[in-house]
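So the chains spell out like this:
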Amino acid sequence: MYSEKVMDHFSNPRNAGVIENADGMGEVGNPVCGDMMTFYIKVEDEKLADVKFQTFGCVAALAVSSIVSEMAKGKTLKEAKAITKKAAAEALDGLPKEKMHCSNLGAKALAEAIANYEEKRDGKPRAVAKQTKRKRPKRHITCSHCDVKNPVTANFCMSCGEKMDH
Amino acid sequence: MKFVENQPSDDTLDLVCRVCPLHLLEPGDKLNCLKKGQVLEVLTDYDGALEDIPNWCQKCGQDFIGIEEDDDCYKLYIRKNK
Amino acid sequence: MKNVYMDHASATPVRKEVIEAMLPYFDQHFGNPSTVYDMGSKIKQVMEEQRAKVAKLIGAKAEEIIFTSSGAEANNLAIKGAALARQKKGKHIIISAIEHHSVLNSARFLERMDFEVTFLPVDEYGLVDQQRLSQAMRPETILVSIMHANNEIGTIEPISELSAICRERGVIFHTDAVATVGNIPVDVNELNVDLLSLSGVSLDAPKGVGALYFRDNLRLMPLIHGGIQESGRRGGTENVPAIVALGKASELAAKELPDKVNHVQGLRDLLVAGVPERIEQVKYTGHPKERLPGHASFCIEAIEGEALIFMLNQSGIYANTGSACASKALKTSPVLVAIGIPPALAQGSVVFTLSNSNTVEEIEYVLEKLPVAVDKLRSLSPLWRTKEAA
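Protein chains in written order, with the working numbering: chain A, 1 to 166; chain B, 1001 to 1082; chain C, 2001 to 2390.
Isolated chain A, as found in the complex (with noise of 0.2 Å):
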């Protein structure tokens, strides 16, 4: 089921733990569903000095906090923010079709710490995706003489007769 690579990082997971007072802290996942990862950093010279992590999860979640963690440890921060959940699977020589949804976990756990290390850093929070409501469409337009709902196509009004102001 797992390669060989998995099972390496899954036995002997590199820089699992904690960091206390880290410099970015970023948790993902939820335990109802099986996975959860927190991953903790430590930034010097906008590098990653220090990457810890702790997981709840699966050997494939566990696999994946391990080589993100060792990918991201002594990069910049950049490069730190390129590192793919395709990446990660590569690294462990492939994750089965039903666990690739933990290299993506990873990935994104590793972005909220360093989001979070640059929330603290610039002193303001991070720029949110403005959610566009979706506009939903106009179905109905009311007849201005009997005040009768109309579909938006009609020409004239379903009630009275007269016709509608577009």
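In short, the hints are calculated from the structure, not lab data.
Each computed BS3-like pair below joins lysine-lysine, with the alpha-carbon atoms no more than 25 Å apart:
#: 1; chain 1: A; residue 1: K73; chain 2: A; residue 2: K85
#: 2; chain 1: A; residue 1: K97; chain 2: A; residue 2: K5
#: 3; chain 1: C; residue 1: K2088; chain 2: B; residue 2: K1075
#: 4; chain 1: A; residue 1: K5; chain 2: C; residue 2: K2369
#: 5; chain 1: C; residue 1: K2056; chain 2: B; residue 2: K1030
#: 6; chain 1: C; residue 1: K2376; chain 2: A; residue 2: K73
#: 7; chain 1: A; residue 1: K73; chain 2: A; residue 2: K5
Start from chain A and add chains B and C according to the hints.
Leaving out everything else, chains B and C in the frame of chain A:
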């Protein structure tokens, strides 16, 4: 096809849901346990039995009495002759 | 220790005596039981002898046994076969919420055919309440299916009491006894059931063979239409070697059951006593007393089941889990959810199912390695850290 009503019988063989050709194999076994003159009631939901069983009776020298239609099956009556 | 196998609910090694009994039917006595010449009729006779052995194990008559390819097939035939044969009478079925997938999905299939299914809830031990069953029954109820024991939590259901309620009302009662036949005494008359499924897997027989008991010429719509095999109830050229294996295994099980029960129960009790002494925050799931004698199931806080299984595997220990990640569907075990285990705790599920081959030394080995594995996973777990800090 002879139709009967309220035909008394000495034993029942329930073949509802059973597939062809069981309707030709099991009545023989069951008749072996009856005495000459006794009547076997065969229950079946298989349309083919309406033709097969009277023919089988003719071939084997048994008396085919008739059929009665019930809610969920046909009831065929055979009198043991030999 | 190389190989400490404690997942007998999934698979068991086939016994030497059973393999020896099967072998001649591959190349020496290979005839088709349906053929008319002597090679065929001899095999047919052998097959009928096996039928009698399986029937004897469960207190039934030989003609009340249908051979199938598995316990799952027996369940399918029981649920769909009995329901479809009775649909003119009514279209309401009742099953428990913790049935095996072969029963659950057979019922769901019938829902698509306009049957109505009631899923009976269970209590915190997995037991079905008799009052609840009574209340759920309607004039149009035609079938009730409650498993004899559940392989995930080990709980044994009060089948005789439940079936009595059905008998009073003329409703057919089926029980999935795949987990019990071969592990505890099972008698269809004591249980008072109309249909019962069993599998070779629980009897140290090969995979790919099972049987359905059906009382007294009960009507069943066949699922596999064929010819005269299994008296027209289940078509297909019979898997004679596997049927011979099932017969032999049933014979051995009948003889050896009392000793097996004593042996596995002793070992299981050792394991269950030892685990909480060495690991904190563990829940023993299922009923503490009314459970399969060789079955121990736990939910361990703050760790995930698949990771634990792999870690135990590295020490040569084989156990099973009902956690989400381990199941390819990534869903939390519906059985654990049904007994009220919080979803996060349900992730840390581990199940041990013992057999005659297990020993005291193996239990001691597990008690040595399990806490180490749990500690290691907890040291990596953010949930354990939070718990410890609390």
